[in-house]
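Student: Now for the letters of each chain:
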Amino acid sequence: MIEQPRASPGPGMKPRQQQRDQDVWRHSSAQFSLSFAIAALIIWSWAGSEIDIGRLGASGGRIADFLVRMVPPDLSVLPVVLESSAETLRIAVLGTFGCIVLSLVLGPLAAATLTPRWVHLPIKWLLAAVRGIPLILVAMLMVGAVGLGPLPGILAIAFHATGMLAKFYAEAIEGIDPSPMEALDSAGATFLQKLRFGAWPQMVPDIVRDTLFRFEMNLRESLILGIVGAGGIGFYIQIYVRTFQYEKVATLTIVVVVFVILIEIATNAIRRLLR
Amino acid sequence: MATATLTLRNLSYRYPDEDTEILAISALEVGAGERVALIGASGAGKSTLLRLLDGRLRDFRGDASVLGHSLDPAAPPPRSRRCAVGFVFQEFALVEQATVRRNVLNGRLGRTDPWWSLLGRFTDEDNEAAARAIEDVGIAELAERRVDRLSGGQRQRVAIARCLAQDPRLILADEPISSLDPVNAETILALLRDSALKRQATLLISSHQPRLVARYVDRFVALDRGRIVFDGAPRALHDERLAGIYEEPADLTSPERVA
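First to last, the protein sequences are chains A and B.
Residue 932 is where the first sequence starts when you use our numbering, and the numbers rise one by one after that.
Residue 227 is where the second sequence starts when you use our numbering, and the numbers rise one by one after that.
A few of these clues could be false.
What the hints assert, rightly or not - One-sided excerpt, in silico: chain B residues whose CB lies under 10 Å from chain A:
{"id": "1", "residue": "311"}
{"id": "2", "residue": "318"}
{"id": "3", "residue": "321"}
{"id": "4", "residue": "323"}
{"id": "5", "residue": "346"}
As the list claims (entries may be wrong) - Computed beta-carbon distance windows for the label pairs:
{"id": "6", "chain 1": "A", "residue 1": "1048", "chain 2": "B", "residue 2": "322", "range": "27 to 33 Å"}
{"id": "7", "chain 1": "A", "residue 1": "959", "chain 2": "B", "residue 2": "405", "range": "39 to 45 Å"}
{"id": "8", "chain 1": "A", "residue 1": "1048", "chain 2": "B", "residue 2": "285", "range": "23 to 29 Å"}
{"id": "9", "chain 1": "B", "residue 1": "287", "chain 2": "A", "residue 2": "1048", "range": "28 to 34 Å"}
{"id": "10", "chain 1": "A", "residue 1": "1013", "chain 2": "B", "residue 2": "340", "range": "49 to 55 Å"}
What the hints assert, rightly or not - Just a few of them, taken from the derived set where beta-carbon distance is under 10 Å, the chain B residues facing chain A:
{"id": "11", "residue": "304"}
{"id": "12", "residue": "308"}
{"id": "13", "residue": "331"}
No lab work stands behind these hints, which were simulated from the structure alone.
Ideal Cβ placement from N, Cα and C applies to all residues, glycine included.
With the hints as extra help, turn the sequences into a complete structure.
Tutor: In structure tokens form, the structure reads like this:
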């Protein structure tokens, strides 16, 4: 058979070309609709917020005034700030410990490869709902339930972070390659040996990475817990800013920044060690 | 013939959701120390037979005896018998995040204490067996390297070392060379043959590259739709017969040819 010239496609080509044209048209119209929707969303946000550019310009002087008043930082509050930073760290550590314990129970239950549908689906929905509740709201409820101090902060972090960490643990379990387990079974391994030598080494890197990530998030989030009375440095952030003591805010900001950087250096070192 | 390593009589198997039998073997006997290649097209039942002999596929009908013990269609073989049968997987089935030595030690799990091993403790005997197996497959210098940093050929050596660490009397290799290049494939086949010879183990290799495998075995068993269609020396299997075994089913003809 002689090959048909490209300009006049054979009878078999026509529907395929039409299909391709239709796909291209559908794709580009979808792109156009999406761009339009995003633009509309931005315009709606802008119009609804009654933003006055003039006010933004006039604020320059005031921002400069804040900055001037922050210098020199008032170091007399350093002991208080350091102690409350330590309390924030304690809240983050214990909150993370709490969410690890909860996730070790809920993670396996939420793993589709381990439990039947009627178990893992409701648990996954529950975790999504937990993730949907803002931390500050949980903290306020906990303060109401157990009173002021670090305890409500720890409980709030443990509860809130489980929504994410248990999901990550479930995904680490679902990502396990079953073939090494089969090989271990063939070699005569017991069920526990298969978990210990087949499943566990595959999960550890993911679990450690996710837990460290969540710890860093918990630390940052627990900085603001004190605003609602749930312990830590947030209490002083609120007091100093509201009473215009900017030289104390400066000390506090420096401590928080150094503190977060030190923790990140430490967690990165752990990650490198485990790689 | 020496004492039989495996004996099959009227063995048949079908997958639970299918009507046709994937395996229907009236009789097969393999003697101790024999090296046999199981050949046939994809879907001929080679992998099914190997998994069945390894005790991982049950619910079969008929009689199957491995290393002098009958396989139970209702229950997995006990640990002591599972570790006497070594299995080399097509896609290696290694723990990618663990080192070579760790993976090879996994081959000792059936022989070591099930509780102590959970703490990561292995006996001197286990460690020596693993070291010997790593040495035998020629990757001693890679022992502490993680498996995910190895090439395909190196990975298959690790998988063979894990199998050898079991001290198996029967080695089942399921398409061990199908994901390797020709040079690595020859090396792996030689390694399997030499390891089996050295340990006086029986070797059963499945492959759809009969010409490549022929030099490393002393017997071909060809399967076609679950039935044995040839059983004899590799040189007795002439090209026409081979073409018959690998004949393309009619429904696989390409649309171009139809047009």
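Student: State for each hint whether it applies.
Tutor: Hints, one by one, checked against the model:
Because the beta carbon of residue 311(B) sits about 7 Å from the nearest beta carbon in chain A, less than 10 Å, this interface hint is met. For the restraint placing residue 318(B) at the interface with chain A, the shortest Cβ-Cβ distance is roughly 8 Å, inside the 10 Å limit, so the hint holds. Taken as an interface hint, residue 321(B) checks out: its beta carbon lies about 5 Å from the nearest beta carbon of chain A, inside 10 Å. With 10 Å as the threshold, the beta carbon of residue 323(B) comes within range of chain A, its nearest partner Cβ sitting at about 5 Å, so the hint holds.
With a least beta-carbon distance of about 8 Å to chain A, the hint placing residue 346(B) at the interface is held under the 10 Å criterion. For residue 1048(A) and residue 322(B), the Cβ-Cβ distance of about 29 Å falls inside the hinted range of 27 to 33 Å, so the restraint holds. Restraint check, residue 959(A) to residue 405(B): a C-beta distance of roughly 41 Å satisfies the suggested window 39 to 45 Å. For residue 1048(A) paired with residue 285(B), a C-beta distance near 25 Å keeps the hint of 23 to 29 Å intact.
Our hint of 28 to 34 Å for residue 287(B) and residue 1048(A) holds, since their Cβ atoms are close to 33 Å apart. The hint said 49 to 55 Å for the Cβ distance between residue 1013(A) and residue 340(B), and at roughly 51 Å that hint holds. A cut of 10 Å between beta carbons decides the hint on residue 304(B): the least distance to chain A is about 8 Å, and the hint holds. For residue 308(B), the suggested interface contact is upheld, since its CB lies about 4 Å from the closest CB of chain A, less than 10 Å.
Hint on residue 331(B) holds. Least Cβ distance to chain A is approximately 8 Å, under the 10 Å limit.
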